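Asker: One-letter residues, chain by chain:
2 protein chains.
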Amino acid sequence: MSERIWTAALAVIGDEILSGRTQDRNIAQLATWLNAQGIRLAEVRVVPDRTDAIVEAVNILRSRNDYLFTTGGIGPTHDDITVDAIAAALNVEVVVHPQARAALEAHYATRGGLTDARLRMARVPQGADLIVNRMSGAPGIKVANIFILAGVPHIAAGMLDALTGTLEGGRPLVSHQIGCWTAESEVADVLRDAEKAHPGVAIGSYPFFREGRVGANFVIRATDPALVDACVAALTRALTDTGREVVEGGI
Amino acid sequence: MSERIWTAALAVIGDEILSGRTQDRNIAQLATWLNAQGIRLAEVRVVPDRTDAIVEAVNILRSRNDYLFTTGGIGPTHDDITVDAIAAALNVEVVVHPQARAALEAHYATRGGLTDARLRMARVPQGADLIVNRMSGAPGIKVANIFILAGVPHIAAGMLDALTGTLEGGRPLVSHQIGCWTAESEVADVLRDAEKAHPGVAIGSYPFFREGRVGANFVIRATDPALVDACVAALTRALTDTGREVVEGGI
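Quick note, the sequences are listed as chains L and B, same order. Each residue of the first sequence is one higher than the last, beginning at 8 in our numbering. Each residue of the second sequence is one higher than the last, beginning at 8 in our numbering.
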């Protein structure tokens, strides 16, 4: 039985990531959230705050994935051009969303009022819906299959929280980790054979150096929990048969 | 005087990043290192361990940037397909590099010898040079304008260290940070005006919430240090004139 796989892409928008100033945290955060929705993060691009670069990434990523997420560039300053670039990609106008305007008016009522700069955060591509932001002024935006999130990770997390359970997806990806105090190069054959023997499973091998010793963790992933269990059992047996101790859950 | 800008792209290769298992650290690490070489990180893609995805990313990124870096997928296991994919992208054979083979033989002499799996790490696209790896078995690889690095951040760091000063670049990007305890939306006009008045400068605005207050840091970037200084002085004056206290170095 073949299974529909739902995929999403992420466009991280921001010179601060490309300059090395800011360590991205949204890739891992979105990936983890998507797994729980039964959607696979298929590809990521980090693009600068430049309209042509954003338009190029948005158009290819939204067309070949079920969903596209973006992070960054939705604040009130001159370098926040995400909304305009996505409207350009979709070939629609930018309009002020009345509900966003009202939310910003309420948010800034006790904070100096709604200035022109702040009103920028109520601008959306025509036809868009809002994604609730309980933490700060600017709401997230949903338009077509695009989800426009904040760049600040804890604000993006709040927006993802608001979206939980609302996206159509497949079965969540299940993963199981085991570990060995062994060089991964010594068990490469065992890993390859276990993966081949269990179609639908992907085995990742993650070597490390710790406490002066080499080791590796192996992550077994599939959408079918029974298949993951079978592969974990087979791989554990094969590793044990070669005299290695397998650490359940990883090292 | 117009200045040649040198750019690099990064392809992060690895299901472990897209699955959320591993938090990427190579983007920020490479960006910072490139800045010091006078090269700008222009774009990043994160792609899965799949040949077609790697080939697509490698070919577009290497053709429109001076340099392409890749991280990940150069170990001994079945999911390490970077070398084969890049050889496919370049349309060259994969060969065993004699010097890499010798290095692996020496490394594994006291660690169980050179198995077939380990010998995989001596495979390179035809015509490639090696990048020294003092930390573990597999060397990095330089072929055409592509630099193939390890995925483990401290091993990648060692390879970058070996490359320091060997790449042609332009003037390093200079940046200077100042901060204010103010909502960025209140100073959006001031920032935009300062950027417009100093062509060649980019000002990034990075808001935060801390100790129950809102604030923002502003990063002024250019290749000309005098231009950065002039813009910092003008922006500081403009912020001070509106009654704000400017924190030198940022908050």
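In short, the hints are calculated from the structure, not lab data. There may be inaccurate statements among the hints.
Estimated spans, in silico, between C-beta atoms of each pair [said to hold, decoys possible]: (1) V254(B) / G172(L): 51 to 61 Å; (2) V254(B) / D236(L): 34 to 44 Å; (3) R220(B) / A204(L): 54 to 64 Å; (4) M142(B) / D236(L): 33 to 43 Å.
If you're wondering where the values come from, they're calculated on a predicted model, not measured in any experiment. Glycine included, every Cβ here is placed at the ideal spot set by N, Cα and C.
Asker: All the hints need checking, so say for each whether the structure fits it.
Answerer: Each hint tested on the structure:
no., hint, result
1, V254(B) / G172(L): 51 to 61 Å, "violated (42 Å)"
2, V254(B) / D236(L): 34 to 44 Å, "violated (55 Å)"
3, R220(B) / A204(L): 54 to 64 Å, "holds (58 Å)"
4, M142(B) / D236(L): 33 to 43 Å, "holds (36 Å)"
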